[in-house]
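Given next are the chains, with one letter for each unit.
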Amino acid sequence: MKKTTKETLRREIREAVRLVREKNPMAPSITNTVTINLVANAQLAVGGSAAMVYLADEGEAMAALGGAMYINMGTMLPVYAETLPRTTKALSEQGKPWVLDPVGIGVGGLRTSLLLGFRTDVPTIIRGNASEIIALAEIWELDSGKTASGVRGVDATDSVEAARTAAISLARHTGGAVAVSGPIDLVTDGKSLALAEGGSKFLPMITGAGCSLGGVAAVYACVTRPFVAALTATAIYNFAGAKAEKHAEGPASFQMAFLDALYQATSEDVGAQPFTLETIGK
Amino acid sequence: MKKTTKETLRREIREAVRLVREKNPMAPSITNTVTINLVANAQLAVGGSAAMVYLADEGEAMAALGGAMYINMGTMLPVYAETLPRTTKALSEQGKPWVLDPVGIGVGGLRTSLLLGFRTDVPTIIRGNASEIIALAEIWELDSGKTASGVRGVDATDSVEAARTAAISLARHTGGAVAVSGPIDLVTDGKSLALAEGGSKFLPMITGAGCSLGGVAAVYACVTRPFVAALTATAIYNFAGAKAEKHAEGPASFQMAFLDALYQATSEDVGAQPFTLETIGK
Amino acid sequence: MKKTTKETLRREIREAVRLVREKNPMAPSITNTVTINLVANAQLAVGGSAAMVYLADEGEAMAALGGAMYINMGTMLPVYAETLPRTTKALSEQGKPWVLDPVGIGVGGLRTSLLLGFRTDVPTIIRGNASEIIALAEIWELDSGKTASGVRGVDATDSVEAARTAAISLARHTGGAVAVSGPIDLVTDGKSLALAEGGSKFLPMITGAGCSLGGVAAVYACVTRPFVAALTATAIYNFAGAKAEKHAEGPASFQMAFLDALYQATSEDVGAQPFTLETIGK
Numbered sequence: 001m002k003k004t005t006k007e008t009l010r011r012e013i014r015e016a017v018r019l020v021r022e023k024n025p026m027a028p029s030i031t032n033t034v035t036i037n038l039v040a041n042a043q044l045a046v047g048g049s050a051a052m053v054y055l056a057d058e059g060e061a062m063a064a065l066g067g068a069m070y071i072n073m074g075t076m077l078p079v080y081a082e083t084l085p086r087t088t089k090a091l092s093e094q095g096k097p098w099v100l101d102p103v104g105i106g107v108g109g110l111r112t113s114l115l116l117g118f119r120t121d122v123p124t125i126i127r128g129n130a131s132e133i134i135a136l137a138e139i140w141e142l143d144s145g146k147t148a149s150g151v152r153g154v155d156a157t158d159s160v161e162a163a164r165t166a167a168i169s170l171a172r173h174t175g176g177a178v179a180v181s182g183p184i185d186l187v188t189d190g191k192s193l194a195l196a197e198g199g200s201k202f203l204p205m206i207t208g209a210g211c212s213l214g215g216v217a218a219v220y221a222c223v224t225r226p227f228v229a230a231l232t233a234t235a236i237y238n239f240a241g242a243k244a245e246k247h248a249e250g251p252a253s254f255q256m257a258f259l260d261a262l263y264q265a266t267s268e269d270v271g272a273q274p275f276t277l278e279t280i281g282k
Numbered sequence: 001m002k003k004t005t006k007e008t009l010r011r012e013i014r015e016a017v018r019l020v021r022e023k024n025p026m027a028p029s030i031t032n033t034v035t036i037n038l039v040a041n042a043q044l045a046v047g048g049s050a051a052m053v054y055l056a057d058e059g060e061a062m063a064a065l066g067g068a069m070y071i072n073m074g075t076m077l078p079v080y081a082e083t084l085p086r087t088t089k090a091l092s093e094q095g096k097p098w099v100l101d102p103v104g105i106g107v108g109g110l111r112t113s114l115l116l117g118f119r120t121d122v123p124t125i126i127r128g129n130a131s132e133i134i135a136l137a138e139i140w141e142l143d144s145g146k147t148a149s150g151v152r153g154v155d156a157t158d159s160v161e162a163a164r165t166a167a168i169s170l171a172r173h174t175g176g177a178v179a180v181s182g183p184i185d186l187v188t189d190g191k192s193l194a195l196a197e198g199g200s201k202f203l204p205m206i207t208g209a210g211c212s213l214g215g216v217a218a219v220y221a222c223v224t225r226p227f228v229a230a231l232t233a234t235a236i237y238n239f240a241g242a243k244a245e246k247h248a249e250g251p252a253s254f255q256m257a258f259l260d261a262l263y264q265a266t267s268e269d270v271g272a273q274p275f276t277l278e279t280i281g282k
Numbered sequence: 001m002k003k004t005t006k007e008t009l010r011r012e013i014r015e016a017v018r019l020v021r022e023k024n025p026m027a028p029s030i031t032n033t034v035t036i037n038l039v040a041n042a043q044l045a046v047g048g049s050a051a052m053v054y055l056a057d058e059g060e061a062m063a064a065l066g067g068a069m070y071i072n073m074g075t076m077l078p079v080y081a082e083t084l085p086r087t088t089k090a091l092s093e094q095g096k097p098w099v100l101d102p103v104g105i106g107v108g109g110l111r112t113s114l115l116l117g118f119r120t121d122v123p124t125i126i127r128g129n130a131s132e133i134i135a136l137a138e139i140w141e142l143d144s145g146k147t148a149s150g151v152r153g154v155d156a157t158d159s160v161e162a163a164r165t166a167a168i169s170l171a172r173h174t175g176g177a178v179a180v181s182g183p184i185d186l187v188t189d190g191k192s193l194a195l196a197e198g199g200s201k202f203l204p205m206i207t208g209a210g211c212s213l214g215g216v217a218a219v220y221a222c223v224t225r226p227f228v229a230a231l232t233a234t235a236i237y238n239f240a241g242a243k244a245e246k247h248a249e250g251p252a253s254f255q256m257a258f259l260d261a262l263y264q265a266t267s268e269d270v271g272a273q274p275f276t277l278e279t280i281g282k
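Residue numbers (the working numbering), protein chains in the order written: chain A, 1 to 282; chain B, 1 to 282; chain C, 1 to 282.
Hints may contain errors.
To be verified - Straight-line distance between alpha carbons at most 25 angstroms, and here's what the computed BS3-like set of lysine-lysine pairs gives:
#1 A/K243 to A/K6
#2 C/K23 to A/K201
#3 B/K243 to C/K201
#4 C/K146 to C/K191
#5 B/K201 to A/K23
Hints listed in this document are in silico derivations from the structure and should not be mistaken for laboratory results. Predicted model, so just to flag it, every value in this text is computed and none were measured.
Bound-form chain A, shown alone:
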């Protein structure tokens, strides 16, 4: 396999942005009730199409109808005990990519049980903050970068760098990609690793910035490979965040300007976002 270069990646990113605007692919979601509206509006703003469901047979139908799916664990409901396994099984059977957002990992029996199940029924893209990515690697018993003493190198609010080992482990385990959101974003498929900067101080101040990034990654996963989908979503968020901050007086005017900027972003804008790329040995 040819080594991925930055130039190749930039071309793939521009192509992903363009294809979504052209084809309007549907990436259905099973997602939390807090940020469900923002997820849908962000998916529409980048040119995708949204549909949200709760029931098991509707999850299966969405796996068939959508180009990819977004599954967010934020607000667990009793029906998810049936819906999530049947949906991810259908996705797997149909070879459809899906994005997992392990929000709330560590809280509650149902969420833990479902996340354990995804160890074998693997997602295509995993998106989370550093702490969530480390926690997922831990419950899947992968190398999370945790030191022998049980104390992480960088603790407390885990930095993206602290999640590097966990992200690589997860990507190699799933064969897909992992996106870690933070001041510096990390995206890896276990072979290449990209770091990207940008965005805005306001992004963590609006609920659903991360969730909607996951939903947008699912939209791009309808038209490109997982690593590029995760990187494109990260890049358009960094572009739109920086642009929106210029016009914002607080988190609410930021959110409005941010969604508008997602809508306005061209493939050139997104493809030009800075990132560093390294090849990581196995």
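With chain A fixed as given, assemble chains B and C onto it according to the hints.
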């Protein structure tokens, strides 16, 4: 019965806008979790009052307390198997109007089963896009305008014109009104048929434009007959959409300006919206 | 116990605003699906942290993890029959404060049954409009200020003044605080009673103004006593509402400016909001 003229209709539309601002009628909803906030805020913006419920006995209570109800099939939950039939039965017993928004028609066993039930337990106003209206006429085994070959005249993204036959069939079956949303909107009660233009290219880019129109139609149904309620909701959406687009830089600033414009719209503004009217023979 | 003076209170309010900005305390919620996004964003805007759950074991986990909780009865779901009693029991065992928002009181069997249970499993802060506060005092069989004839002194749309007796009864029963929202806001702990003015005509025109005030009160309850938490939330809402109205052309631009103003508000701004204070004899 006297033939409805455009002048009569304009007077009725102005009166509906005015009465809602004056009386603040409550039109409770059972609606999807994606756009529930926008439905409530749109209902408030035109002068109505909102209340959303999920449980069966609360649906019955709302049927008694509200002037009309809005039922949207977007995100089915297990409890709806009990809540929706009991609520629509209560609405029917009390002679209260209700708006059905058959979002997601064709997906899932529960939604299909409930929609089949509404064939006898009929809604007062049906609101949907062209494809939804055609699909509802089909599952109710009414004339949907589908040709003998099984191929619709205008297929793929069904146009509003393609839904004309289905809309008329549904209106005549229910004895109420049907509103089909699209670039050109169609509203009919089976005797008269109005076509209206306006709105904005941004309306399909915000999630819940259609849902909230349905919720607003329910508010107007508290104070006027179904055909006028559907036409008034359509007219205020066309007015506010066109006004908001002038100030919008993308879908999010559009949504804000749109809700503000719903709030600002006067009865004269709404009554002056252009539409064509034809009398349709049986 | 030393008598609370206005000057002491202003110092406590400034301190609460400052501590929340500094410590970013988490106040998880079990709240309705209509306004859940606004609750979270308002909590973030004042400097707190949000987490929303539905399941019983997650409610218990949140009682342990959060500094205080917000429980809003707006949209009852079947699972709440188990979740709410287990969560409030956990809060009580851990001595954590929680805010009750009895939205929809009087509608439905489950809501009534749960609200009756909170008579003994008492909330720390109760927030509602005048009618809700009176209704809660009535179902708890406390003095609601209802006259012998069964007709309230000020009826129909109950004014805040009409809820004075009920608010004091509830505060004395729970040993916590009660906040009644309206054109004039009333906050009492059964010993002191504050009346505050401000806000905006637009606050009742956006869905969730009251809910999000309750969520913000829970954030302040993480760092200060119940009476001060309720008063601080009321004061920052009055400040932000008045500021936002100057820039608003309707309810949606108001909501955006309002959230921005919550974010911008300094401890000095909030501490300077006018209120009257009286000591009420037992």
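Check whether the Cα positions of B/K243 and C/K201 lie no farther apart than 25 angstroms. Distance ~23 angstroms between B/K243 and C/K201 Cα, so the pair holds.
Hinted pair, alpha-carbon criterion (25 angstroms max): B/K201, A/K23. Please report holds or violated. It holds: about 17 angstroms lies between the C-alpha atoms, which stays within 25 angstroms.
Exercise. Would you mind confirming whether the straight-line C-alpha gap from C/K23 to A/K201 stays at or under 25 angstroms?
Key: 17 angstroms, holds
Between A/K243 and A/K6, is the straight-line Cα distance small enough, at 25 angstroms or below?
23 angstroms, holds
Next pair to validate is C/K146 with C/K191; report whether the Cα-Cα distance is within 25 angstroms.
21 angstroms, holds
Hint compliance for this structure: every hint is met.
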